[in-house]
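Trainee: Okay, here's what each chain looks like letter by letter:
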Amino acid sequence: MTGRALMPILVAALLIGAIPLFVSANTVLNFLVFTLIIALAAQGWNILGGYGGQFSFGHAAFFGTGAYAAAILQSRFGINAWAAFAIGIAAGAAIGWIIGYLSFRSGLRGSYFALVTLAFAEVFRILANASAITGGAAGLLVKLDVRPENFQFASRAVFVWIALALVVAVLVLTAWIERSRFGAQLVAVRENEGAAKALGVDTLKVKLTAIALSAGVTAAAGALYVQYFLYIDANIAYGTWISVEALLAPIIGGAGTVLGPLVGAVTLHGLGEITKTLAGRVPGIDLVAFGALLIVAVAFAPDGIIGLARRLRARIGGGGGA
Amino acid sequence: MSLLAVSRITKRFGGLVAVNDASLVVEQGSITGLIGPNGAGKTTLFAVISGFEAPSEGQIRFDGRDITALPTHVRAKEGIARTFQIVQPFAGLSVAENIAVGAHLRHARRDDALALARDVARRVGLGAELDKSAASLTVAGRKRLELARALATGPKLLLLDEVLAGLNPSEIRDIVPVIRAIRDEGVTILMIEHVMQAVMNLCERVYVLAQGRIIAEGEPRQVCEDQAVIEAYLGKGAAARLSARAGGAHG
Ligand SMILES: Nc1ncnc2c1ncn2[C@@H]1O[C@H](COP(=O)(O)OP(=O)(O)OP(=O)(O)O)[C@@H](O)[C@H]1O
Ligand SMILES: [Mg+2]
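Heads up: the protein sequence lines correspond to chains A and B, in order. When you line the first sequence up against my numbering, it's residues 1 to 322, in that order. When you line the second sequence up against my numbering, it's residues 323 to 573, in that order.
One chain only, chain A, in its complex shape (with noise of 0.2 Å):
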């Protein structure tokens, strides 16, 4: 990978990573975390839908899977957290998978696909909500028990760190999937499925590849949240919020594109951060700062934060930029 890929992973690191060294007031550290998590869940919706062109409308049935196999095997078995968060991801990447197979080998695509994903979060949500092993509509906790070996920090800064370093490493493997064989073919499905076919593409394999890597890295995500919070529901889990957080993201800032979904989360809540700050306590006065960015986006920056921006350094850069 070529460094005018990295520099610009890098530099969104360093500013992010800087921040814990200046500021240590827990709100700002809570906000930064829980910004991250939603940016990884937004990266791991953006390889399958804004690369590859599959809007899944229920990115919450990896999310969540992910943190309530962390959360299990921590508190029901017993099992190392770093190793729970381990299989927390695998578990991830094969529900994707077999989501994947019985909706793509059907041939199901655009809002069939969108809403297939949906009905899976939705049937996984009430059945966490029912049954004994997921705690049912109690929840579960992860046991305190600070100690690194538990995934479990004293400072809320390594979090931040912590997160980052899984924010980072999938914006270098998306940087990788953009300049690879399985990227060029993966952006040929979304732009025309026939004719990548004719061009030798095996379609079917792709959008698997695709579809278990996405679960994959937003289940990793869900994972994080379980470590951050020691407490998960079926609600937070496989709630319809983080589906269209998920989505929200990537689409603000840029789908498709490697910096668009952290772009896109950071905006977001930072925006919805603001509003709150400046508009006091009203109830739901965030969502509607999040809807009218949405449609502010859709109308004048339908290609995200990012898109306009190169437009931008375009048309200043007199048609130089990339």
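Hints in this document: simulated from the structure, not taken from any laboratory. Among the hints, a few may not be true.
[Unchecked claim] If we take Cβ atoms under 8 Å as the criterion, some of the chain B residues that face chain A in the derived model are:
no.: 1; residue: 404
no.: 2; residue: 408
no.: 3; residue: 414
no.: 4; residue: 422
no.: 5; residue: 430
no.: 6; residue: 560
no.: 7; residue: 562
Remember, it's a predicted structure, so these values are computed and weren't measured experimentally. Glycine included, every Cβ here is placed at the ideal spot set by N, Cα and C.
We have chain A already, so just place chain B with the ligands on it with the hints.
Mentor: Okay, now just chain B with the ligands, sitting in the frame of chain A:
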């Protein structure tokens, strides 16, 4: 040896028989034409050969092997590439990226695929448009892009579906030698074409499809004088009227 052998292919869409018991062979190293009136079933036959549609009956052999059951992408790997009559560019990508998708079939590394894409673009006359968005190309440019992408897969057999349609005479004059050069470099070609001047110019052998059936085959000149072919294009009795008129003009 024949590279492609289509034997007794029938394709039905519900009650409609789009291709009816059609057989043809394409010799290694040839340019073979497939002509016929609108709605004859030519594109459908291409879809069957390339694996987009499963035939209702019949068999396709390629390079000595029965490929009737293989999926499209495997046939591409085996060496069958097609272009689309209704062009299907990857609209959001640049010309180079479009062609690189084809090049990736036999090249895993991006740099290799892009290098091949540049090379192929030059061969079909798209060398100057590499960084342009595919969506910004003219009709002629898009036709060349179809050709370039298919060519970049490194095919043994190229199926061209009306790559000259919609081009003006000077654009046609430009692209005919490109097609001949592709064949001269060892790619066998089966082409659907309505532009008869190009068919006469390029094809060694021509098949005529009408209402799903192969009604004539032979050298282009000989096929054009065939009674059944003239009637398929111009309607029943047309051949007789034409020769009567020709006779009248002489007398
Ligand atoms: N997917 C399909 N479903 C139903 N009918 C179809 C389908 N594809 C083609 N047909 C029908 O099959 C017949 C043959 O169509 P086809 O496109 O193969 O003709 P063609 O010879 O390529 O014509 P043209 O010269 O106009 O391109 C037409 O009547 C068409 O409407
Ligand atoms: Mg046709």
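Trainee: With reference to the structure, classify each hint as holding or not holding.
Mentor: To see whether the hints hold, each was checked on the structure:
Taken as an interface hint, residue 404/B checks out: its beta carbon lies about 5 Å from the nearest beta carbon of chain A, inside 8 Å. A least Cβ separation of about 10 Å between residue 408/B and chain A goes past the 8 Å threshold, and the interface hint is therefore violated. For residue 414/B, the interface hint holds, the least distance from its beta-carbon to any beta-carbon of chain A being 5 Å, beneath 8 Å. The criterion of a C-beta within 8 Å of any C-beta in chain A is met by residue 422/B, whose closest approach is roughly 6 Å, and the hint holds.
For residue 430/B, the interface hint holds, since its Cβ comes within 8 Å of a Cβ in chain A; the closest pair sits about 5 Å apart. Residue-level restraint check for residue 560/B is violated (minimum Cβ-Cβ distance to chain A is 37 Å; threshold 8 Å). Interface restraint check: residue 562/B against chain A, minimum CB-CB distance 43 Å, threshold 8 Å, status violated.
Of the numbered hints given earlier, the model fails hints 2, 6 and 7; all others are met.
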